[in-house]
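The chain contents come next:
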Amino acid sequence: MGFSRLLAVGVVVGAVAAVTAVAAPGSGAGAAGPSPRAAGFVVFVQAVPGAEMVVTVDGEEVAAGLADGAVAPPVSLDAGPHAVEFAFDGGTVEATVDVGAGSSSDVVVHNPAAVDGDPVVSIYPTPMDPIGPGKARVVLAHTATTAPADVEVDGQVVFTNIANGEYAEADVAAGAHQVALLPSGVDGKPILGPLEVTLRAGTLTSVYAVGNPRQGSMRVIVRETPLRGDGTEPPTRVETGSAGLAGLATPAS
Amino acid sequence: MPAPSPTGATPRRSRKAAWRLSRDVVPARAAAAAALALVLAGCGAPDADRPAAGADTPAATGAPAAAPDGKAPPAATAPRVGSSTPEPPVAIRLPDGTSMPVLEAGTTSDGLLDVPPDVRAAGWWPGGSRVGDPFGSTLVAAHVDSRAQGLGPFASLLQVQRGDTVRLRSRRLEQVFRVTSLRLVPRSSFERRPRLHSPRGTRRLVLVTCAPPYDTTRGGYQNLAVVSAVPVAGATGRRGR
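From first to last, the protein sequence lines stand for chains A and B. Quick note: the first sequence uses our numbering, first residue 1, plus one each step. Quick note: the second sequence uses our numbering, first residue 254, plus one each step.
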């Protein structure tokens with residue numbers, strides 16, 4: 001099992017990740033052998049409040065100084081299992097991540113629903129299917145220290161009962177939307193929001209809800225990924241009839 | 254050093270909220286003034302030449318039992334929950350009870366909605382909303398008639414009433430819509446009515462076909478019948494699927 005790292009490690013200062021161009025798998029420095037190996041992309045997301053982490057994959061450091069809310073630049077990993085470790089002052093979190101060929105995923109270290117629970121690692125996809133014109137995709141991930149939540153978009157409950165470690169996904173009209181998290185199954189004020197999230201056409205926006213509402217620390221980690229258009233074009237003409245038989249009165253049978 | 258929590262592949266859970274609260278979790282009540290900090294973390298896009306992952310491409314998953322060092326537990330694969338996965342419509346049942354297949358109707362290079370030539374089949378514009386999408390318009394059109402086949406099922410829409418129901422089906426879902434309006438608009442105005450097929454706005458079904466008057470000197474039907482319908486309820490799983 002090899003580990004091909006095809007980009008410079010981005011050192012994160014504060015909560016903003018450095019943006020680094022990523023070469024396609026199998027090309028550029030570090031690719032071994034004449035043929036490209038099957039690989040996938042992984043983005044490490046640090047969603048544990050108050051911690052600063054160093055991420056190693058198979059014993060090699062890939063990102064350091066990841067404060068909470070930080071998103072590391074994409075890392076290309078050979079398809080197959082990899083040992084991932086997040087190290088911080090409070091300890092380490094280790095997990096094995098099986099990377100699929102051609103996959104795009106966020107590997108997220110986050111707190112569980114239970115207060116004072118140890119951080120866990122969850123793999124959230126970045127669904128890269130092509131998208132239609134005027135649309136944007138949103139992934140809403142629950143990585144907060146709270147019970148399951150419903151999601152309200154533009155005043156309408158769109159997703160229900162999303163628990164810590166789960167996510168909801170939808171393609172919606174591009175533009176600004178009001179998003180709120182509500183506690184599932186109980187009446188109460190929003191856990192988070194309403195807050196305005198702008199979704200740009202032809203993109204995927206991954207939104208990670210983080211924090212503890214009881215401490216007033218709820219916030220979101222937001223990252224945007226471009227998508228390919230699916231090639232559909234809106235129609236401008238309709239021709240749906242040619243015999244002149246239709247009448248507005250009830251036709252004789 | 255605290256041990257990592259054991260995690261495994263997240264099993265499917267039933268969709269009941271209340272019993273899932275653990276002992277340590279107090280039901281969430283927002284603080285009076287929750288501090289919200291929107292943290293925007295830009296992320297460079299993978300190189301444009303990278304092949305796009307298709308719908309069948311697997312994400313990274315929690316590893317099988319044979320981990321590289323035999324120690325680190327597999328990371329949990331987050332399941333997608335909260336709503337049905339949207340699907341293209343495959344069949345429609347009109348208010349008069351007629352069922353028709355629904356095929357994709359793309360846009361030709363000169364902007365024409367490519368409706369199936371068979372009057373017994375309807376066409377759906379694939380850039381619009383699907384069965385199970387939370388917002389936006391699903392545009393479905395069919396020929397009102399043809400010289401070869403005579404009047405088609407969509408001709409019945411010219412007599413539709415407010416409150417009539419239309420059933421839309423996909424492979425695994427179905428959704429019932431209630432007609433709210435029937436309008437006649439000039440066929441030439443279709444281009445200026447993007448709301449008929451836009452993903453923007455509330456969830457709706459828009460059925461379109463040609464309508465009188467018919468003028469052979471001016472290209473045939475002059476109007477479009479536009480039937481608008483709103484969901485009676487969310488999309489649900491089809492029985493037995």
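These are computed hints drawn from the structure, not numbers from a lab. Mixed in with the good hints there might be a few duds.
Straight line, CA to CA, 20 angstroms or less: simulated DMTMM-like cross-link-like pairs of lysine to aspartate or glutamate [as the list claims (entries may be wrong)]:
id: 1; chain 1: B; residue 1: 324; chain 2: A; residue 2: 58
id: 2; chain 1: B; residue 1: 324; chain 2: A; residue 2: 116
id: 3; chain 1: B; residue 1: 324; chain 2: A; residue 2: 224
id: 4; chain 1: B; residue 1: 324; chain 2: A; residue 2: 85
Evaluation of the provided hints:
1. B:324 to A:58: It holds: about 12 angstroms lies between the C-alpha atoms, which stays within 20 angstroms.
2. B:324 to A:116: Not satisfied, since the Cα-Cα distance of roughly 24 angstroms exceeds 20 angstroms.
3. B:324 to A:224: 34 angstroms, violated
4. B:324 to A:85: 12 angstroms, holds
Checked against the numbered hints above, the structure violates hints 2, 3; every other hint is satisfied.
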